[in-house]
Every structure is written in C-alpha cells, then in structure tokens.
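Reconstruct the complex from the two isolated chains, following the hints.
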Amino acid sequence: MRISYNWLKEYIDLDLSPEEVAEKLTLLGLEVDYIEDWSKIYNDLLIGLVEEVKPHPEADKLTLVSVGVGEKSFRVICGAPNVKKGQKVVLAPAETTLPNGQEIKKTRIRGEASEGMICSADELKLQEERAEGIFVLDDDAVPGEKFAPFFNLNDQIFVLDLTPNYGYALNLIGVARELSAAFDKEIKYPQIKEDQESGRAEDLISVEVKDHKLCPRYTARIVEGVEVGESPWWLKVRLMTAGIRPVNNIADITNYVMLEMGQPLHAFDYDKIQDKKIVVRTANKGEKLVTLDDRERELTKEDLVIADAQKPLGLAGVMGGLESEINSQTNNILLEAASFDPYTIRRTAKRFILHSPSSHRFERGIDIENITRASRRAVQLMAEIAGGEVIGGIVDNYPKLKEPLRLRIRPRRVNEVLGTDISRMEIKSILEKLHFKVQDSKRMEGAFRVQVPSFRNDISIEADLIEEVARIYGYGEIPEDLPRVNMEIGRRRPNQELEEKIREIFRRAGFHQTFNLPLVHEDENFDQELAKPLALTNPLSVDNSSLRQEILPGLLRSLEFNTKRQVKKAGLYELGDVFPGDGPEQTPALAALLMGAESKKEWQIAAPEFFALKGILETLESELGGEFSLEKSNYNFLHPGRQGEIILNGGKVGYIGELHPTLQEKHRFPERVAVMEMRLKNFYTQACLDPKYDGVPRYPAISRDLALTIEEGTQAAQIANLIKQEGRQLLEELTLFDLYRGEQVPENCKSLAYRMVFRSKERTLTDSEVDNIVEGIIEKAKSEFGAEIRK
Amino acid sequence: MEKKLKDLDKEALEKIKKSNDIERLEKLQVEFLGKNGKVTAVLRGMGKLSPEKRPVVGKLANEVKENIEGELKTRLNELKKEEEKERLKKETIDITLPGAEVSRGRLHPMQLIIGQLEDLFLRMGFSIEEGPDVETDYYNFEALNIPKNHPARDMQDTFYVEGDFLLRTHTSPVQIRTMEKQGPPIRIITVGKCYRVDELDATHSPVFHQLEGLVIDRGISFSHLKGVLIEVTREIFGEEREVRFRPSYFPFTEPSAEVDVSCFKCQGEGCPLCSRTGWLEILGAGMVNPRVLEMSGIDSEKYTGFAFGMGLDRMAMYKYEIEDIRHLWDNDLRFLKQF
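For the protein sequence lines, the chains are A and B, in the order given.
The opening position of the first sequence corresponds to residue 12 in this note's numbering, with each subsequent residue numbered one higher.
The opening position of the second sequence corresponds to residue 350 in this note's numbering, with each subsequent residue numbered one higher.
So here's chain B without its partners, still in its complex pose (with noise of 0.2 Å):
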C-alpha cells in the first residue's frame, strides 16, 4: 500500500508537470483527489490494515494527498498567470493614440486678471465693494475734487446720459460711496467697468475695466501704499519685477503717484512694448486728498488714506501679451480657447 501512494505520487506530480490547460488540471484533480479518485480509493482501503500500520500509512497518505493538492495549485496558478498574461498581450492598446475629449469651457482673461486680484486683495483683508455704471456728476468729478470746468476733466472724456447722469470714467465714485455708507477703518476694493469716449481700436476701448482700492485708517502712510502696490504688481507679474513710483497728478489724491512696473519683455532694456522706456505704467495711486476726506465728512487731521486704480484690460493685454485690445471684445473662440 505504501509503495502504491509513492507511485500515485509520482504518476500524479508527473501528470500534473505535463498539463498545459487549466480544464486537464481540473481532470486530474478528479482523477485522483476526487469522490472516486486514486488516492481517495487508496484511503478508503486504510479500514484493512492493522492498527500498527495505519497510523503510517494514514500520514504518508495525507502526505500525498496534500502533496498532490498544493502541486496542482501551483500548477494552475502557473497556468493563470500564463493565460492573463496572453490575454493582456492581446489588450495592448497604442498608447500613442489621443486621448479623449474634455469638455471644458474657459473663462475670459479678463475674468483671470480679476479674479487673481481679487483673490489676492482679499488675503489681505478687503472686501470687495460695488458701485453703479451710470453715475452723477457729484460722485464721479465734484465729490472727487474735480470741480466743473476744471482742465483734469479733460483727463476723462465723459459719455452724458439723459437724465441729468453720466457713465463713470473711473471707479473712483465708489471711494465716495463706501465713505459716505462706512466710517473709517476702510479696506475695500471695487471692480467695474468704466467708460471714456474713444473709438473701440487696437489701443483704445470705449469701455474698460478697473480696480480701485481704498484704505483709510490712522496712521496711513504713502509708505504703505508702495508697500501694498509692490506685493500686487509682484503677484501679478513675479518677483524679479522691479516697481517705479513717480510723481503724477489727480485731483482726489495728493501726493499722487504713478506706479511703473520694469519691462517683462524686454527686461527693462527697452522695446516695443514699454515705447522703449524699459518701464510699464500699471496703475495711479496717491494720498487721498484731505478735501475729499473731508467732503466725505472725514476728519482729516485724525485719519489718513491711500488710493489706487489700474486698468485691467491694460493689465490683462500685458499678462497675457495680448496685442489688439478688440481681441477682449470679440469672444473670438480661437482667442478664448486659449486661456
């Protein structure tokens, strides 16, 4: 009997060894561990032997038995391997092909320009406030120190709407406004579109859009409006920009500056971009002028504050390296696809 196990064992590992599909295996597994297999029929005539020998031959014909299961096992985990493996060269795909279509839309670069400002002004603690598109005379020119028939108001050529209203020219009213709704301290910015006559052409656009910041509190300094202004012309346009403020001139901040950014095209060597000047005007900016505090029925002696306004299609067209600002108005697709 024990002679007849080692030789199923043999037959069976030799079998196994020479099977080359998982449905044989499966036969084999029948053929010998199965209800009526070999070796079941070699343990069911255990009941013969004397009790000395079946504890023996009883270990040696588990032995085998288990031998015979784990040979099998690997064997067919061989063979899976071997068919995924099959199967999977079959699956190969040229991964060279394009991939699928996402749809996605994308916002305007305008909307890209305002909405990193935004972003940034609110990290440093604005609100972002809002103003009308048709205003008065009052808070657009009078209230910001720009009296009627004054020649800075040849600065803004002015859309009239009937009515006794204007466009605004700028976003300044909304200084105005949110002195006359807010006591001090103020931080705010505003974003908006403003009007000026001039015919929509590559450089000029009837309608444009700015930013205008306000902050009012004691012991504002100009120092703080470089401070301020250098961090966002540095977010805009990196770190390795260098910032220029010089003196200009509007009416509702005094002193005023004008805030150049260097050259990123030309790296402040000077081209077509910056008219040769190495430099970019970015944006106005200044004191706000104690007059205007006052009329906005702050007292200023006790209280000091800096404005600013940029342009943002300006900024947008230098960003992006935009050359034609109608491209802004087109929607062309092939424009806007590629923001």
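Chain A extracted, bound-state conformation (with noise of 0.2 Å):
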C-alpha cells in the first residue's frame, strides 16, 4: 500500500516530518518499507513560458525555442511538433536531472546552443507509453515557479507493508484514522452530500442475490449522461501516487475512492446490462467470461460472478468483464459497491492468478457499513468530473443486517498479559480513539463491554482488544522483566549430545562441516535399493524437487564446485537428516568424504583417503562405542575393490569405499576420492556419551610382536579376529605394524607384522604364559590359514 503525505494530510493536520510520520506508523504495526521522496525527483523542473519559437537554420524537424522562467529565460532546442508561443511547459534547465533518471547537459545541437530540455509526460514519469511531443500545462501555471507544487508532486510516497490484519488500513481514511488515535487528533472526513434517497434507481435495475453467504451486501447505482474521457490531473497524480495508472475518468473515480475509503468499486455501462437485471450468483460450469485483462476464463461452480439475466458480466470483486466495459462511447453507468465472501474471492483470485487492488481488499474484508457512502462519494465525483446526473436512490440488496460484535475487556486481564500498570480509564480512553464504543460491563465488576467498530474486521477476541491497548500505549513502553520460574537445568538430548561429539571427531581430523540442500532430483541416489523419494507436488525446479534419501550426491556437488575452483584436497561432512520415503519419516545420517590424502603407513599408501575415511569410523567407535565392521558389498558408484557395507551389530548402516574412478574422471575430480555414508540412528541408541573408567594397570604388560605370512585372499582382519580370540581378556592391544610384501615372501603371500600387549589385571604375567598363548596363536593361524612365522 502506498500512501502520498499530501493526500494523507486531507484526512489529518499534522505537522511532522515524513520520517517521524513514518517512525510512528511503524511503531503502530503499519511498517514503513521506505518513503520514496517525489519532492526530489521533481525538485529541478520549473514552469516556463513559451515566448518565441524559431526554425533551427540546420534542421528541418528541430526549433529553437526561448523559455521564460519570471526574469530570465532559456533557450533550448526542442524536437517537438506541437510546441507553439504561448504556452505553459514544464522546463528541466541543464545539469539537472529528469524524473526518468536521465541528466540534462549543456549542449550544441548543429552549430546552436541549447540550455535545458522542455519535458514530454513521459519524461517526466506522468504516464508509461511515449508521449508524441512536449506537456503542455493549463493556463493558470506561474512561469518561474517550480513545477511540482503546481501538479502536488511535491510529496513523500510511505510504502507501507501491511501484514493481512490491516485490511481497514489499505485506505487513506484507515491510515489516518490509526494516526489520529495516535496523535490525538480529529479526522476530517471527505464532504459527501446527503442521498436523494427517493428517487428512480429502483426503477431502472434490479438485483437478485442467489446466495446471501457469499454475497452479504449488494447496492447499485445510477449515474445517466456521463461524458468519459481523461481525468483531470489533479486526479490521476492521486492514483499515481498509489502505483494506480489511471484510465479514464469513471475508472479513475472508482479507484479514487477505494483508495479514500476502501470500498472497491465497479462502474458497469448500463446499457450492455440485458434486461436491467443483475444476478450476484456462482457460475455454471464450462462457462466463459472475456475479462478487461482481454483473457478468456473458463469459470466453475466455486467462482462467483456478477450477471446479468443471460451471461457474466464479471468476476465479482476480483476482475470484471471486457464486454461491460466502461469506454469513450458509454453513457449510462451502473456503480457496484458491494461485500463479497472474502474466501471465495481469494480462491478465484488465487486461481486465475488474478490478483487485484480490489480482490486484496476484499480478501482481508471490507467495512460493510460504508458501502453506501463510497457509492454516494463515486457517483457525486462522476457528476462532478464526468459530467453526468446522478438519478436519486439505490438499491441495496441487504438482508441480514450485520451484528456490531461486543466484547468484552478486564482491565485486570490487560495488565496481567501485557506485564503493565494502565489504568482502567486509559484503557477506555485508548479504545476510545480507536473508535470502539466502551461501556461498563453489568455484568462483571470492572470490566468493560466494547462494541468494535464496523471496519475491524480482525478484531474478534479479548487478546485482540489486548493488543489494541499495548499498540497504542506503546510496545516500547512496556516495561521488560525476567519471567520467576521454577529451577530447571535446559538439557540437550543424548542424540544431540552425540552430534556435537561427531562434529568435535571431524573436526579435529580436519573436515570442514558443509550444509546442503535437501531438495534434490529425484534420481540422483546412490544407493539403488532405496525406496522412491518422498516428492514435492509444486517443486521449484526438477533439480529441486524430491527430498534427499542420502546426503552423498550433495556433498560431492560441494566437492565439485571447490575441485572448479583449484582444490586439490578436501575433507568435507554433514551431519543431517535424510527421508527414507515410503511415508514422511525423517532420520539422522552422516555423510563424508576425503580428496587427496598421505599416509606413511605402509598398507595404506595404495588408498590413503579409504583408510583415513576409514580411521574415521574407528574413532567414533573408540570414543563413542558401538562395533562397526565392514562387509564386503557391490556398490556400482564404488570402486569395485576399494568398498564395503558398515555393519554395526549385525545390521547394516551404510556404505564405505572409494569414489569409481570412472565417476572420478566424469566429475574431473583430480585425485582419489574416498566417500562415507550411514544412518545413526541405532548408532544413536548404542553409543555412550560417557566414558567408562576401568581402573589404571596395577601389573606390568608383556608386549611381543609377531610376523605371520598368509595368502593374499586372507584378510586382516581374519586374522586379528583369531589372535583376539586366541588373546581372551589378556590381549590388551593389538597393532599392526607392517605390511610386507617382496623378499623372503613367496608370491601370492603377505606378511602381517603385530604387536601384541598382554597384561592381566589381578597378577603379574609370567613370560612362559604368554609364550603359550602366542604359541596358541601361531597354531592355530596355521591350521586354519596356513600362516607362517616369518623370523
């Protein structure tokens, strides 16, 4: 909504600055976006007068022109056909700049001087399409004075953001209305002359309501003989105040007192109105209405229209109709002011996408009371402007009366929620201004019955009364205080607790924490046993409209957009939640991934990201428990000898391994990249936030190492599960050292190198007895790996 402080102050004397106006517009809820200061758009330009007009010696189509300003004048070259002595322009003298942003300069145009501009009213921002030549003025304009008093384009702009309770807001009157509680001012309402109430309207139409619900309030009237044309400036400078591009005067008018008082309008030419009827009905289905916007719309029963005895005439309340259009040739005009179901109309406004100043309005309800008088201010405009005779009376179709609400107010209740001390009678006092009538309530001690004034379509209840009282008094004003409640520790959950841990383990191991968005395309899975994705029915784009089952895809989409800008290594994880699908379900999961690492270990040089990714799990295993293990899997995304399913106690929870190096080289990854993820949520009920005490060794350890040679399809791990085994509680540690292959082993064959701690926690081992276990060991790696002890 936008509101000229030069209309504003029509309704309200006040005396304050545009800023302070809008300071305190903004402290009553009716925040000020920004003022727009038409003041200084039109600040340079002056009235001149046209005293001579000479032929350019060097152009045929150019004139030199001599504009007087009082004293001086200006001589400027004009390209305009249509300049002539005599008249009244709209000057903008050198180094100064146009309303449309463009700068004038002191120029030579072939071998002549020119000083300034004389502005078309395009150029001056006065209407969109290009204007043929030069804005002439009427005759009253001063030579020499500034040209924006003349036309009231001196003005600042608020442009307000109304949030959909201030619908009694959208509206000069209602904006004035909130200031003058504010200030404690008077309003001064528009002169509206008293109806000839008798009088032929009834005579001339009629009108039939099908359903009273959507339709509370229907009036009409008559207004024979107009003239329609362009409006006067005065008028369509108000519109453009408002962002409104005027049309011709009869429009204009309606627009004009919507904008005043916020009743909208619709001027209907009465003569294309079949049998002088109008019907306030749904529309049938499959019927076809051409609206003013020159679009056809098929209609449905949900839509309702205003008709007349054969076919629709328009939309009510949202758009009407192109064949009952007002234009050059009418002279009768019907004027609509009605009340409309604000849910039906935002439906059809919604569907046809047909959003209007008027559907806007009565979306967030209009003030029933008032429709009479709007239609009264339009027609006597009409009369006024558009020359026409405004036939006596109306008919309004207005069955069902509606109720003033009453509510009812505790003053006790007002301090009790706002944390304040307002005395009973500010109270009164503040709704007073409001305009809400304040009685004693009979029937409990102290309180108050308030009847809500009829264009308070949002207030329904004591909280809303509340609100109204701390809007007024000030929110600034109310004091601020700390709520007394009982003693109690806030507490993350355990599941919270542990994303903080992980968070901690990956960035100490120096990955970057990432976030990506959820909406993904809904193949970009890689996992291929995954249920279909849970899918947005109005998505944004294909890219964006499934919601993620893993986070993987996005995180390497991170990854691709670092690798284009120059990175070679990268450690990036996230730590959020995926969608299963199958239902709207959503669970916890970790992602990570690891591009171009080291390692001195010698194992682990052939896949160094693997392992550290890998180094990864154990951590969260040693510091938050749980027994991962991995399984060998055929993920087609993964290196086909480079990957594994995590299992954690039997069930599997993820996937680990390295990218293909197919899908590798297709992302122009430059070196390895190894990839993680897995779902925590029965990691979640297994880990342990608390670290367990065991008690430091009374007894000393005996370490011993041992090399074994093994066949290359054994692995590791077979052979640490045995040793383990083997080591019952008295293996403490167990660590491989080294992994060898070459001299002294025969082909096809590797040598683990472990170090193994023993220790027992109530004696001291002997070395004899750990001597057996390790021989144990050995036999035991023999038969069941035909393992060898390499010296």
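Please note that the accuracy of each hint is not assured.
[To be verified] Derived DSS-like pairs (lysine-lysine); straight-line CA-CA distance at most 25 Å:
{"#": "1", "chain 1": "B", "residue 1": "Lys542", "chain 2": "A", "residue 2": "Lys575"}
{"#": "2", "chain 1": "A", "residue 1": "Lys512", "chain 2": "B", "residue 2": "Lys686"}
{"#": "3", "chain 1": "A", "residue 1": "Lys512", "chain 2": "B", "residue 2": "Lys497"}
{"#": "4", "chain 1": "B", "residue 1": "Lys542", "chain 2": "A", "residue 2": "Lys692"}
{"#": "5", "chain 1": "B", "residue 1": "Lys384", "chain 2": "B", "residue 2": "Lys397"}
{"#": "6", "chain 1": "A", "residue 1": "Lys287", "chain 2": "A", "residue 2": "Lys221"}
The set of hints was computed from the structure by calculation and includes no laboratory data.
And the structure:
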C-alpha cells in the first residue's frame, strides 16, 4: 500500500516530517518499508512560458525555443511538433536530472546551443507510453515557479508493507484513523452530500443475490449521461501516488474512492446490461468470461460472478468483464458497491492468478457499513468530473444486517498479559480513540463491554483488544522483565549431544562441516536399493523436486564446486537428516568424503583416502561406542575392490569406499575420493557419551611381536579376530605395524606384523604364560590359514 | 711435608685455571686426586710422621684436597656452561619461519550461530525439542490459527509433498507438538530447517533455518517476552545494541511483535545493510494466542505464554556480514575456512 503524504494531510492535520510519520506508523504496526521522496525527483523542474519559437537554421525538424521563467529565459532546442508560442511548459534546465533518470546537459546541436529541455509527459513519468510531443500545462500555471507544487508532486510516498490483519488500513482514511488515535487528533472526513434517497434507481435496475453468504450486501446506483474521457491531472496524480495507472475518468473515480475509503467499486456500462437485471450467482461449470485484460476465462462453480439476465459480466470482486467495460461510447453507468465472501474471492483470484487491488481488499474484509457512503461519494464525483446526472435512490440488497460485535475486556487481564500497570480509564480512552464504543460491563465488576467498529474485521477476541491497547500505549513503554520460573536445567537430548561429539571428531580430523540443500533431483541416489523418494507436488525445478535420501550426492556437488576452483585436497562432511521415502519420516545420517590424503603406513599407501575415512569410523567407535565392521559390498558407484558395507551390530547402516574411477573422471576430481554414508539411528541407541573408567593397570604388561605370512586372499581382519580370540581377556592391545610383500615372502602371499600387549588385572604375567598364548595363536593361524611365521 | 702440600695446592690451582676443556680437567683430577695422584701420595706418606704432627698435616692435607676438588668442580661447571652456550648458539633458529600446520576442520557458520543460541537458551533453562520437516496442514497451519484460504497463508508460500503432506514453512508446528505432548509449564526451543517457495538467489533460499521458542506458565507476560529477547539479541549482537519492539501480525500470537535491533554496521545512522532505516529486523514474537492454547488443550485463563521465531540464516548473515545467502549452501572452502 502506497500512501501519499500530501493526500493524507487532507484527512488529518500533521505538522511532522515524513520520517516522523513513518516511524509512528511503523511503531503502530503499519510497517513503512521506505519513503519515496518525489519532491527530490521533481525538485529541479520549472514552469516555463514559450516566448518565441524559431526554426533551427540547420535542421528542419528542430526549433529554437526561448522559454521564460520569470526574469530569466532559457534557450532550448526542441524537437517536438506541438511547441507553440504562449504555451506553459515544464522546463528542465541544464545540469539537472529528469524524473526518468535522464541527465540534462548544456549541448550544441548543429551549431546552436541548448540550455535545457522542455519535457514530455513520459519524461516526467506522468505516463508510461511514449508521448508524441511536449507536455503543455493549463493556463493558470505561473512561469518561474517550481513545477512540482503545481501538480502536487512535491510529495513523499510512504510505502507500507501491511500484514493481512490491516485490511482496514488499506486506504487513506484508515491510515489517518490510526494516526488520529496515536496523535490524538481529529479526522477530517471528505464532504459527501446527502442522498436523494428517493428516485428512479429502483425502476432502472433490479438486483438478485442468489447466495447471501457469498454476497451479504450488494448496492447499485445509476449515473446518466456521463462523458467518458481523461481525468483531470489532480486525479491522475493521486492515482499515480498509489501506483495505479489512470484509465478514464469513471474508472479513475472508482479507484480514487477505493484508495480513499477502502471500498472497491465497479462501474458497468448500464446499456450493456441485459434486461436491466443484475444477478449475483456462482458460475455454471464451463461458463466463459472475457475479463478486462482480454483473456477468456473458463469458470467453475466455485467462482462468484456478477451477471445480467443472460451471462456473466464480471468476476465478483476480482475483475470486470471486457464487454461491459466503460469506454468512450458509454453514456450511462451502473456503479456496484458490494461485500463479497473473502474466501471465495481469494480462491478465484488465486486460481486465475488475478491479484487486483480490489480482490486484495475483499480478501482482507471490507467495512460493510461503509458501502453506501463510498458509492455516494463516487457518483457525486462522477457528476462533478464526468458531467453525469446522479439518479436518485439506490438499490440496496442487504437482507441480513450485520450485528456489531461486542466483546468483554478486563483491565486486570490486560495488565496481566502485558506486564503493565495501565489504568482502567486509560484503557477506555485508548479504545475510544480507536472508535470502539466502551461501556462498563453490567455482568462483571471492573470489566468493559466494547463494541467493535464495523471496519475492524480483524478483532474477534479479548486478546485482540489487548493488542490494541498495547499498540497505542506503545510496545516500547512496556517494561522488561525476566520470568520467575521453577529452577530447572535445560538439557540437550542424547542424540544432540552425540551430534556435538561427532562434529568434534571431524573437526579434529581436519574435515569441514557443510550444509547441503535437502531438496534434490528425484534420481540422484547412489544406493539403488532405496525406496522411491518423497516428491514435492509443486517443486521449483526438477533439480529440487524431491527430499534427499542420501547426503552424499549433495556432498559431491560441494566437492565439485571446490575442484572447479582449483581445490586439490578436501575433507567434507554433513550431519543431517535424510528422508527414507515410504512416508513422511526423517532420520539422521552422516556423510563424509575425503579427496587427497597422505599416509606413511605401508598398507595405507595404496588407498590413503579410504583408510583415513575408515580411521574416522574407528574413532567414532572408540570414542562413542558401537561396534562397526566392514563387509564385502557391490555398489556400482564405488571402486569394485575398495568398498564395503558398514555393519553395526549385525545390521547394515551404510557404506564406505572409494568413488569409482570412472565417476572421479566424470566429475574431474584431481585426486581419488573416498566416501562414506551411514544412517545414525542405531548408532545413537548404542553410543555412550560418558567415558567408562576401568582403573589404572597395577601390574606390568608383556609385549610380543608376531609376523605371519599368509595368502593374499586372507583378510587382515580374519587374522586379527583369531588373535583376539586366542588372547582372550589378557590381550590388551593389538596393533598392525607392518604389511610386507617381497623378499622372503612367497609369491601371492603377504606378511602381517602385529604387536600384541598382554596384561592381567590380577597379577603379574610370566613370560612363559604369554609364550604359551602366542604359541596357541601361531598353531591356530597355521591350521586355519596356513600361516607361516616370518622370522 | 706441609710445604709440599702447599706447593701442590698452588700447582693444582694454577693448572686448573689454565685448563680450557673438560678432558683436561678430568686428567688433572687423576693427576692430583686419583689413586696414584700427587695429593694421594702425600697422604700415603702420613704414616711416617710423628703422632703430634699427624693431625696437623692431616688437616692441612684434607683442606688441600677439598680445595682442589672444589676448584675442579667450579672450573668444570664454568666450562660446561661455556660449552652449552656455544652449542645453543649453534642451534639458533629463525623464529620468523612459519609454524607447523595444525590440521583443523571448521564448523559451518550456521552451526556456530545454532550452537551459540542453543547454549544461551540452555543456560536460561530451556530444553531443546525436535520436530519433523514433513508436516501436515494441521500442525503447520490449522492448529496455529491459520485456516484454509486465509490471507495469512500468503505470507508463507508452501511446498506440498505427495500424500497430503507439506514442508513446514516455519518451526512453529513444534510448539503444537510440544503442547500436545506435555502440559505446562513449558520452556523449550527448537531449531530446524524450514521451506518456502523461493528461488535461490542472493537474499532468498527455498530452505532456511529457524529457531523457535515457547514459554508457557502461570503469569507469563509480554514484559517477560521483552526481557528474554533483549537478553538474546544482546548476547548475539553485543551489549550496546538497542532493541525495538513493534506491533506485527502472526495468527498464532496476539499481541504479536516484530523485533528490530539497531544496525551494528552504521550504529543506527542508516546504511544499505539496514535499508537506511537504522534497524535490522531479526525476529517475530508474541503472546501465544488463547485460541492456540485452547486448541492444544491448555486452559488459556490459567496459563499464558510467549513464543518467538528467528531466521538463523539472516542472523548468521548479519553477524558475520555475509553478503550472499548462497554462500551458506555452496560449501566453498574459501568461505568455510574463515570460520
């Protein structure tokens, strides 16, 4: 909503700067986004008198014009065909800027100097389409004076961003009412003459409303013999301040009154109405209507239309029809002022994507008691401006009068809710300033009975009244306090604590946390066993049409973003929810990737990224619990020889592996990329936050190294498990410290070197005891895997 | 004999003084005090002395021995010190060379904001609740007093999900879920992703993060809301910030408020960051609408409450002066490494 300060001042005397008014409006809840300062835009322009017009000696189409601005005159070269001596024009002197942003400079055109420019209507931003010639002012313009005040353009426009509850402030008087309450000033309502309530209107038109729920009130007035044409400039400028394009005087007046009083109006060409009958009804299925924007609309039973005896004339409250539109041939006007069901209007406007100033107001609710006043105002303006004759009387179809809403407000409750100490009388006074009628409640001591004014559709309960009191009292005046509550400790949930720990583990390991959009392409999943993803029914694009089931695809996109910017090494992860599909559930997941890593350990050199990532998995295990193992897997997006399922206590929770070299190449990743993804739900149920203390060892340990030569096909984990089994509780630590192939090791074999640390909690172990255990290990390794000891 | 001892003493001290390395000192030790050393030899000859002389000479001999020993030790320490000094000098490094790289990952700036706010609310005794991203119309709208076809739905352009679900447009459904689960008193926050139909550009994102708070108890008032939120804004943006409350509209709160903090870039003078208003809008809040309490089965006469919601992406952008919201989703390492 755009509110002109000049216009606003017609309804309330304000001696404040625009900034002060804007701040007050914002603090009342009518948020001012910004102030458009037109006085700056139009500041440099002067009214000039064309004193002399001579042909340009070197150019046929140009003239040399002398423009008088009081004592001085400017010499201007003009190309407009309509320039004539004696005209009053708008002059932009050199070194100024036009409202459309064009800068005016001193120039020479074919040898002749020009000291400014005579402006056209579009250069002045008074019309959108390009004007044929210069803009000529009426004779009462005074040369030498500034142009802006003459057209009321020395204005400031408040651009309001109103929330849906401020339907009553979508007009000048509504805004003035708010300020009148805030500043305790009178409102000056526009002069509207009394109706000639008897007249022929009822003979000229009949109105039938099929469903009064959808149209509680419909009124019609008739104006005869109008001359449709352009509006006077004062009216056009008013509409322009509100951002509404002038059309013709009749349409402009309906818009003017809507802007002033908040009531949307519609003017029909009376002579186009069949049988002089207006029917307000829902459309028949398949019925068609060409709207003002020249588009044919197929209607449904949900749409409310204004029809004549035969066909729809317009979409009620949304947009008129082309056929009954006012044009230069129109003589007689039927003016509609009505109230329509907000939801119905909203549904239709939404379906046709026809959001009009009229539908905007109907959706938010209009003042049903203001209808006849608004239409009276409009027809009187029509008579004045378009020269018509107002037919006496009105057709007013309003069978069920709207009862005013009465609410109770308890001053004690007001202060309880706000934490204030506002007196009973002040509460009464605030509500009265806002046009509520306040009486002492007969039923409850101390309470008030409040009658809500008809324009306040947003008020329905006591809490709404409390907000009204707070608004005018001032939110800033309400004291600050901290609640006195029962002592209670705030806690993170265990899973939230675990997430903190996981992030810490990654942070220590040099991984960067990422956030990836959970809205993804429907088939970007790597794991082909996943269910169908949850799809949006109104996505922004195919690429964001589903809810992610895996984090990894997004993580790889982030990696690609970086490798395209010369990044060679990166560790990234995300801890976030995924949506498994088959229902609305979500579940926590973890994905990580690592590109470019180094390792000094012999067996890790071949795939340092993989083993670094596996190290993270092992850290999760050692710090938070749970027992992970890896099992052979067969994912086609992973390197066939470097991948595995992540198993947690017997169940699959995810995968780890190296990205398939083909994919690596496709994404142009400069180094190998190890990736992992796992669901965390089961991990969270098993993980343990508190460290478990197991005493400091009291007896010495004995360590032994053991190098076993085994066949390539045997996995390290098989040997490790065997050692653990044989070592039982006495084996405290088992570390692989070497993997060797080459001299002394037969072909197709490898040698694994372990360090084992043995310790008992109860006593000092003897060497022979430990030797026995090691012997046992060796025997078992020989018999089960054909292992040989490497000396 | 006494003279001999005195001469030895003199000789030894001179030699000690002149010796310039530890090896030489060790030799002197042997020469004078060793098994076959000169002083030892004199002591051995003590038996030949008369009993009267013996204690006198003995005392002297011991004095000489201790003296030599002492001097040897002193000189040894001197030499050791010199040697060490020399060695350390050679070990001098250029301390301006770069330090070793400490591998350290970073938390995402969004996480930093979330962590800071969560900690603050935990200190104030709030618990952290959770709720689903995929919601029903009931929790996202109806139960929050936003009926179908209400213009307030335009404030939040909604993504719909197959199967009669939608993506929550705010974290407020968690309010309802919490009220259903537990009766008053309630003191919770929740943090999560929200979704609205907005193309991703410099200032909009279809996905964003919100922090929602809800307090319900006897005697909770608007002034408590002000007190708590002023604490929060000062914690995030600094003590010297001014905080402004102004009326606003949310169907689920009444009275409702928008909270602005004075622009920290221009100190309220007006700059592009604050659209020249001097204020930055940071959160919406209000007293829980009695209708919402009643719908969730809480007696609105007995209990009152307040709720608030803040956009964390915007908070992060303000706090770290991030100019483009897409930085929060690109995961550009040049960006991430700055936090």
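Right, here's what the structure says about each hint:
As the CA atoms of Lys542/B and Lys575/A are separated by approximately 28 Å, the hinted pair breaks the 25 Å bound. For the given pair, Lys512/A sits about 20 Å from Lys686/B by alpha-carbon distance, which is consistent with the 25 Å threshold. For the proposed pair Lys512/A and Lys497/B, the alpha carbon gap of about 43 Å is over 25 Å, so the pair is violated. Distance hint between Lys542/B and Lys692/A is fulfilled; the C-alpha atoms sit about 19 Å from each other, no more than 25 Å.
Distance hint between Lys384/B and Lys397/B is fulfilled; the C-alpha atoms sit about 19 Å from each other, no more than 25 Å. Our distance criterion of 25 Å between C-alpha atoms is met by Lys287/A and Lys221/A, whose separation comes to about 17 Å.
Of the hints listed earlier, those the structure fails to meet are numbers 1, 3, in rising order.
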